[in-house]
Amino acid sequence: MEQQWLDTLRFHHTGCLTQNIEKSKELYKNTLGFSNLSETFYISNQQVKVCFVEVAPAVFIELVEPQAETAFFAKILKSKNPFYHTGYFTGDFEKTLLELTGKGFYLVNRFNSEAFNNRLCAFLYTPQMQLIEIIAQPN
Amino acid sequence: MQMENILQQLNEIFIDVLDNKNIVLTSQTSAEDIEEWDSLNHIHLVVAVENHFNISFTSSEMQAWKTVGDLCENIQSKLKA
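Same order as they appear, the protein sequences are chains F and S.
With my numbering applied, the first sequence corresponds to residues 246 to 384, in that order.
With my numbering applied, the second sequence corresponds to residues 10 to 90, in that order.
Don't read these hints as lab results, they were simulated from the structure.
The C-beta atom is built at its ideal place from N, Cα and C for all residues, glycine as well.
Be careful, since some hints might not be right.
Said to hold, decoys possible - Facing chain S, a subset of chain F residues (Cβ under 10 Å, in silico): (1) GLU314; (2) THR315; (3) ALA316; (4) PHE317; (5) ALA319; (6) LYS320; (7) THR346; (8) GLY349; (9) LEU352; (10) VAL353; (11) ASN354; (12) LEU369; (13) TYR370; (14) MET374; (15) LEU376.
Could you put the whole structure together from the sequences, leaning on the hints where they help?
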């Protein structure tokens with residue numbers, strides 16, 4: 246049962262970069278018809294505003310508007326593909342982090358997120374350089 | 010491999026990964042000196058360096074780098090090993 250830890254991961258969202266979160270919220274709500282939107286949070290550590298749009302039961306698109314100019318976000322916006330990470334809840338944050346880094350994932354940063362009641366989050370690159378986020382699951 | 014040679018190769022990697030042809034590295038250069046060198050691009054740099062020199066770094070090694078000089082020394086020690 247080597248991979249039992251994978252059972253603790255649950256898909257939560259896909260992160261989507263936007264230059265104007267209010268316009269994106271309007272599009273998802275009024276044009277696409279997704280009425281369940283979270284409030285807009287400012288995540289200080291990441292210097293971004295985010296809002297979650299529920300597009301299926303417990304499945305979200307995280308709209309992300311940068312509040313500071315960074316080379317990383319500039320590169321994504323230039324690439325014309327704004328979907329740039331996937332987020333997962335984990336029941337055991339520290340264990341998952343240890344398992345993933347032990348399997349060649351690169352830890353980018355860890356922080357407490359205002360979007361998740363200040364619970365722990367971490368961004369990691371997979372060995373194939375795909376960006377993922379893990380989020381401590383609520384009790 | 011001489012430190013100067015490693016630094017020169019690193020300079021080319023940084024220019025390519027950070028897409029900034031004006032980068033001129035010295036052993037004292039740190040992330041604060043290069044606007045594009047943020048935490049996310051840092052990982053892209055690490056992977057590019059690992060692939061270029063055919064080496065791999067541990068998490069603790071990566072966390073210990075404060076300057077490009079530290080990175081050069083780390084690379085040199087791995088190439089000697």
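Hints versus structure:
1. The closest approach between the C-beta of GLU314 of chain F and any C-beta of chain S is roughly 9 Å, which is under the 10 Å cut-off, so the hint is satisfied.
2. For THR315 of chain F, the suggested interface contact is upheld, since its CB lies about 6 Å from the closest CB of chain S, less than 10 Å.
3. Nearest Cβ of chain S to the Cβ of ALA316 of chain F: about 4 Å, under the 10 Å cut. The hint holds.
4. At a threshold of 10 Å, the smallest CB-CB gap from PHE317 of chain F to chain S is about 4 Å, leaving the interface hint in force.
5. Proximity of ALA319 of chain F to chain S holds as hinted, the smallest CB-CB distance being about 9 Å (cut-off 10 Å).
6. Interface hint at LYS320 of chain F: satisfied, since its Cβ lies 7 Å from the closest Cβ of chain S, which is below the 10 Å cut-off.
7. A hinted interface residue such as THR346 of chain F counts as satisfied when its beta carbon comes closer than 10 Å to some beta carbon of chain S; here the least separation is about 6 Å, so the hint holds.
8. At about 9 Å, the closest approach between the beta carbon of GLY349 of chain F and any beta carbon in chain S falls short of 10 Å, and the interface hint on this residue holds.
9. A hinted interface residue such as LEU352 of chain F counts as satisfied when its beta carbon comes closer than 10 Å to some beta carbon of chain S; here the least separation is about 7 Å, so the hint holds.
10. Taking 10 Å as the C-beta cut-off, the interface hint given for VAL353 of chain F holds, the closest approach to chain S being about 5 Å.
11. Hint status for ASN354 of chain F: holds, given a least beta-carbon distance of 5 Å to chain S, under 10 Å.
12. The interface hint given for LEU369 of chain F is met, as the beta carbon of that residue sits about 9 Å from the closest beta carbon of chain S, less than 10 Å.
13. Because the smallest distance between the Cβ of TYR370 of chain F and any Cβ of chain S comes to about 5 Å, under 10 Å, the interface hint for this residue holds.
14. Taken as an interface hint, MET374 of chain F checks out: its beta carbon lies about 6 Å from the nearest beta carbon of chain S, inside 10 Å.
15. Below 10 Å, beta-carbon pairs count as interface contacts, and LEU376 of chain F has one with chain S at about 7 Å; its hint therefore holds.
The structure is consistent with each of the numbered hints, conforming to all of them.
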